[in-house]
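*Asks:* Below, each chain spelled out in residue letters.
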Amino acid sequence: MGIADTVTGGRRIAVERPGTAVVAVVVAYLLADLAAKLVGTTVFFLGVRLFGGSLTVGSLFTMLLDGLLVGLAVGLAGIGLSMTYSILDFANFAHGDTVTVGAFLGWVTAYVAANLATSVPFSSLFLLNDGNQLSVSAGWALVLLGLVVAAVGTVAVTLLVDRLVYRPMRDSDNISLLIASIGVALALRYLIAFVFGAQTSGVATVGFQLRLVTGLAVTDNELALLVVAVVLMIAVHVLLQRTKLGKAMRAMADNEDLARVTGIPTERVVRLTWILGGALAGTSGYLLVLERGTIAFNFGWILLLLIFAAVIVGGIGSIYGAMAGGVLIGLVDSLALIWLPSGLTRAAAFAVLIVVLLIRPSGIFGGVTTA
Amino acid sequence: MSTADLRARLDDLPDAALVALFLVGIWLLLTLLAVSVRDGAAAANLAAGFVGSVTVLVGAYAILTLALNLQWGYTGLFNIGVAGFMAVGAYTTAILTAPADPGAGGVPGFGLPLWLGLLGGMLMAALVGGLAALPALRLRADYLAIVTVALSEIIRLFVNWGGVAEVRVLGKRFGTGGATGISFPAPDEVVADLVTGIGAPLVDAASAAGVSGPNVVNIVYGLVLLVVVVGSYWVLSRLADSPFGRVLKAIREDETVTQSLGKDTRLFKIKAFMIGCALMGLAGALFRGSAGYISPAQFRPAITFYVFAALIIGGAGSNTGSILGAATFAALLFYLPARLGEFFPTFGTSSPGNIVDAVAALGSLDVTPLLAFVLANVSTLRFVLIGVVLIWIIQNQPEGILGHRNDPAASVPLDRPSSPEHESGGEADE
Numbered sequence: 001m002g003i004a005d006t007v008t009g010g011r012r013i014a015v016e017r018p019g020t021a022v023v024a025v026v027v028a029y030l031l032a033d034l035a036a037k038l039v040g041t042t043v044f045f046l047g048v049r050l051f052g053g054s055l056t057v058g059s060l061f062t063m064l065l066d067g068l069l070v071g072l073a074v075g076l077a078g079i080g081l082s083m084t085y086s087i088l089d090f091a092n093f094a095h096g097d098t099v100t101v102g103a104f105l106g107w108v109t110a111y112v113a114a115n116l117a118t119s120v121p122f123s124s125l126f127l128l129n130d131g132n133q134l135s136v137s138a139g140w141a142l143v144l145l146g147l148v149v150a151a152v153g154t155v156a157v158t159l160l161v162d163r164l165v166y167r168p169m170r171d172s173d174n175i176s177l178l179i180a181s182i183g184v185a186l187a188l189r190y191l192i193a194f195v196f197g198a199q200t201s202g203v204a205t206v207g208f209q210l211r212l213v214t215g216l217a218v219t220d221n222e223l224a225l226l227v228v229a230v231v232l233m234i235a236v237h238v239l240l241q242r243t244k245l246g247k248a249m250r251a252m253a254d255n256e257d258l259a260r261v262t263g264i265p266t267e268r269v270v271r272l273t274w275i276l277g278g279a280l281a282g283t284s285g286y287l288l289v290l291e292r293g294t295i296a297f298n299f300g301w302i303l304l305l306l307i308f309a310a311v312i313v314g315g316i317g318s319i320y321g322a323m324a325g326g327v328l329i330g331l332v333d334s335l336a337l338i339w340l341p342s343g344l345t346r347a348a349a350f351a352v353l354i355v356v357l358l359i360r361p362s363g364i365f366g367g368v369t370t371a
Numbered sequence: 001m002s003t004a005d006l007r008a009r010l011d012d013l014p015d016a017a018l019v020a021l022f023l024v025g026i027w028l029l030l031t032l033l034a035v036s037v038r039d040g041a042a043a044a045n046l047a048a049g050f051v052g053s054v055t056v057l058v059g060a061y062a063i064l065t066l067a068l069n070l071q072w073g074y075t076g077l078f079n080i081g082v083a084g085f086m087a088v089g090a091y092t093t094a095i096l097t098a099p100a101d102p103g104a105g106g107v108p109g110f111g112l113p114l115w116l117g118l119l120g121g122m123l124m125a126a127l128v129g130g131l132a133a134l135p136a137l138r139l140r141a142d143y144l145a146i147v148t149v150a151l152s153e154i155i156r157l158f159v160n161w162g163g164v165a166e167v168r169v170l171g172k173r174f175g176t177g178g179a180t181g182i183s184f185p186a187p188d189e190v191v192a193d194l195v196t197g198i199g200a201p202l203v204d205a206a207s208a209a210g211v212s213g214p215n216v217v218n219i220v221y222g223l224v225l226l227v228v229v230v231g232s233y234w235v236l237s238r239l240a241d242s243p244f245g246r247v248l249k250a251i252r253e254d255e256t257v258t259q260s261l262g263k264d265t266r267l268f269k270i271k272a273f274m275i276g277c278a279l280m281g282l283a284g285a286l287f288r289g290s291a292g293y294i295s296p297a298q299f300r301p302a303i304t305f306y307v308f309a310a311l312i313i314g315g316a317g318s319n320t321g322s323i324l325g326a327a328t329f330a331a332l333l334f335y336l337p338a339r340l341g342e343f344f345p346t347f348g349t350s351s352p353g354n355i356v357d358a359v360a361a362l363g364s365l366d367v368t369p370l371l372a373f374v375l376a377n378v379s380t381l382r383f384v385l386i387g388v389v390l391i392w393i394i395q396n397q398p399e400g401i402l403g404h405r406n407d408p409a410a411s412v413p414l415d416r417p418s419s420p421e422h423e424s425g426g427e428a429d430e
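Protein chains in written order, with the numbering used here: chain E, 1 to 371; chain Y, 1 to 430.
These aren't lab readings, by the way, just hints derived from the structure by calculation. Note that this is a predicted model, so its numbers are computed, not measured. Hints are not guaranteed to be accurate.
[Said to hold, decoys possible] Cβ-Cβ distance ranges computed for the label pairs, FRET-style:
id, chain 1, residue 1, chain 2, residue 2, range
1, Y, Ala16, E, Lys247, 56 to 62 Å
2, Y, Ile198, E, Pro341, 47 to 53 Å
3, Y, Glu399, E, Ala32, 52 to 58 Å
4, E, Pro341, Y, Lys172, 52 to 58 Å
5, E, Asn174, Y, Trp392, 37 to 43 Å
[Stated by the list, open to error] Below, a sample of chain Y positions facing chain E; criterion: calculated Cβ distance under 8 Å:
id, residue
6, Ala17
7, Phe305
8, Ser351
Glycine included, C-beta positions come from ideal geometry on N, C-alpha and C.
Using the sequences plus the hints, can you model the full thing?
*Replies:* Laid out in structure tokens, this is it:
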């Protein structure tokens with residue numbers, strides 16, 4: 001028992017699933033390397049650096065926090081992508097730009113409201129220029145107003161897009177819908193660029209910092225992201241498990257025809273899917289800008305691949321998978337800095353996506369169809 | 001004449017004539033634009049500039065669209081990593097041909113002749129494509145899409161990374177140049193040498209008409225790209241009509257049936273994918289590297305989606321449709337709107353600096369500021385137009401506006417009773 005079993009089990013995995021075994025070895029090496037780095041020793045073997053280096057606990061915690069924050073926002077956005085994937089059965093390439101739309105709607109509202117009393121002309125405020133930047137501690141009511149506008153406004157935009165683009169083609173195959181979503185993505189992104197320009201604007205600033213341990217501080221804006229994201233994720237969980245709508249959505253994700261036969265109003269469920277997905281996408285975009293401080297017309301598009309990675313790693317179609325995958329990908333994106341030069345961390349996140357697809361196409365949470 | 005009538009007439013034309021007609025039409029349209037905004041020699045030079053640029057664009061997009069058509073139109077492999085394979089081809093060519101001893105600030109390479117570099121680029125793109133196609137064997141169509149787009153970003157981030165800007169392997173120095181890019185002997189320069197050498201009388205004649213030397217080179221380079229298009233078209237058409245091509249079309253229609261007929265569909269898919277990627281690599285070197293310089297920013301995923309738009313406009317599954325789609329996209333959606341925006345008269349109204357001022361003027365019933373603003377931002381708005389056109393086509397003309405071209409999967413004519421010689425059975429298999 002015990003060790004012998006583990007060894008035979010390990011040997012079986014190595015023989016039957018070599019890919020998984022390789023990944024396990026790589027992860028084990030990285031963990032050993034991390035431990036050596038934290039201790040501050042370097043292990044040499046025949047003159048070659050085997051592992052080790054140096055890394056302070058403080059900077060590790062900072063990376064963990066950064067990864068967690070980005071991951072929560074990505075996971076939040078991923079819920080909508082995962083739902084449209086399972087219920088409407090297509091990969092929505094416009095989801096990243098929906099995130100941008102929400103961020104712009106929310107931030108323009110909050111920014112203009114915050115600076116109306118100043119003498120800055122309205123046109124500058126509307127273009128997110130020249131005004132005072134917001135922080136949660138300095139103007140929580142305004143930030144909250146922006147959050148609500150981001151959610152509601154994005155829902156309006158997604159419903160309009162569904163009415164104009166996707167509804168006329170409900171019966172089309174998934175590739176046609178995917179191509180249509182590419183069209184939507186281009187149109188949304190460049191409409192935003194047309195209205196707001198292509199520059200990057202700074203809109204949020206740090207109000208106060210809470211020092212947790214040596215070398216690790218969390219800002220008020222980061223706290224807001226943390227709290228809102230966790231609350232929304234719990235809310236989605238309750239909605240899916242406790243309400244009739246949640247049951248209907250899960251049923252439709254499992255088998256649309258069966259759902260229709262049993263009398264579930266599928267068109268209404270589709271609309272609610274867009275409403276929920278849009279609201280979460282808009283909120284996550286708004287919160288990410290709050291955390292980063294800057295906004296640009298293509299930031300959601302750049303984020304899209306990360307969101308896809310989260311959804312696929314978590315197991316596409318699974319909402320809990322999207323949340324967990326988001327946090328995981330966020331952490332990979334951030335922690336990769338320990339081992340890789342800064343230019344390649346994003347590439348590492350995409351590499352994780354490809355590896356997961358190759359080894360376990362159904363995702364880590366795949367097979368457990370929860371929604 | 002009704003549109004249906006026009007369509008019927010166009011359908012009767014041979015494919016090559018249709019493409020030629022289209023190109024000449026675009027050239028005439030652009031010349032007309034040049035003549036209407038400039039006079040005399042300036043007009044001739046402007047027109048030559050227009051024609052050269054549009055021909056290069058059309059040629060480059062036609063090669064890319066043909067390659068994508070082989071992968072998606074014929075085999076059903078949804079590749080949205082076109083930009084990545086272009087980057088592999090272009091960078092390999094650049095690294096192979098960059099001079100071994102460049103001046104200060106330059107990135108050293110292997111100093112090979114250009115044709116060898118292009119060949120190497122195609123080979124490398126095919127190899128990377130083969131690797132990328134492996135997951136295609138077991139994944140859903142849209143999973144492959146996500147894998148390829150992620151791969152293309154990994155490639156771009158990698159060549160952008162400072163760590164490989166210049167490396168030393170076994171005493172040999174080479175690299176990608178990182179974010180600043182890399183210079184190499186331009187395909188453009190080869191054409192320029194040709195033009196100024198053999199074609200000197202041509203250049204003299206052109207300069208007498210007011211057309212500058214660089215514009216002549218540009219036009220000739222565009223024509224060279226068109227020759228590559230014709231070559232690719234010939235190869236791909238032969239391929240599509242061969243037993244190999246028929247298996248590809250069979251895979252697209254129903255992979256399980258094809259498998260049950262004893263075809264190793266996985267091998268066919270990989271081969272088709274690799275050939276397509278090789279062509280994309282060539283296009284990457286000839287198009288993005290035409291001026292002898294490439295940088296990572298030229299290979300953003302956006303360019304993949306432009307190629308897709310071109311293919312969908314033309315109609316996937318048809319080689320002629322691909323070329324026509326590429327011409328339509330490059331000339332009418334990508335190039336022309338920007339030029340029109342540049343030269344459209346705004347009647348003395350300068351564009352307001354932002355949209356708020358432009359819309360505010362509507363309050364006093366003045367439309368011109370908004371119009372001027374729209375015209376000043378046409379190069380942004382054309383992407384909205386591309387998106388809308390894409391949606392419209394997918395909804396209303398899924399076969400493409402130039403689709404419905406005759407492209408049967410069988411090599412035996414299906415519309416007339418088979419003669420005795422056809423009854424002797426199917427032709428020899430692969």
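*Asks:* Evaluate each hint against the coordinates.
*Replies:* Taking the hints in turn, this is what the structure says about them:
The beta-carbon spacing between Ala16 of chain Y and Lys247 of chain E, approximately 60 Å, falls within the hinted interval of 56 to 62 Å. Separation of Ile198 of chain Y from Pro341 of chain E is about 49 Å and conforms to the stated range, judged on CB atoms against 47 to 53 Å. The given range of 52 to 58 Å is respected by Glu399 of chain Y and Ala32 of chain E, whose C-beta atoms sit roughly 57 Å from each other. For the pair Pro341 of chain E and Lys172 of chain Y, the supplied restraint of 52 to 58 Å is violated, since their beta-carbon distance comes to about 22 Å.
For Asn174 of chain E and Trp392 of chain Y, the hinted distance range of 37 to 43 Å is not satisfied, since their beta carbons lie about 19 Å from each other. For the restraint placing Ala17 of chain Y at the interface with chain E, the shortest Cβ-Cβ distance is roughly 30 Å, beyond the 8 Å limit, so the hint is violated. A cut of 8 Å between beta carbons decides the hint on Phe305 of chain Y: the least distance to chain E is about 6 Å, and the hint holds. For Ser351 of chain Y, the interface hint is violated, since its Cβ never comes within 8 Å of a Cβ in chain E; the closest pair sits about 13 Å apart.
Figure legend: structure checked against the earlier numbered hints; hints not met, in rising order: 4, 5, 6 and 8.
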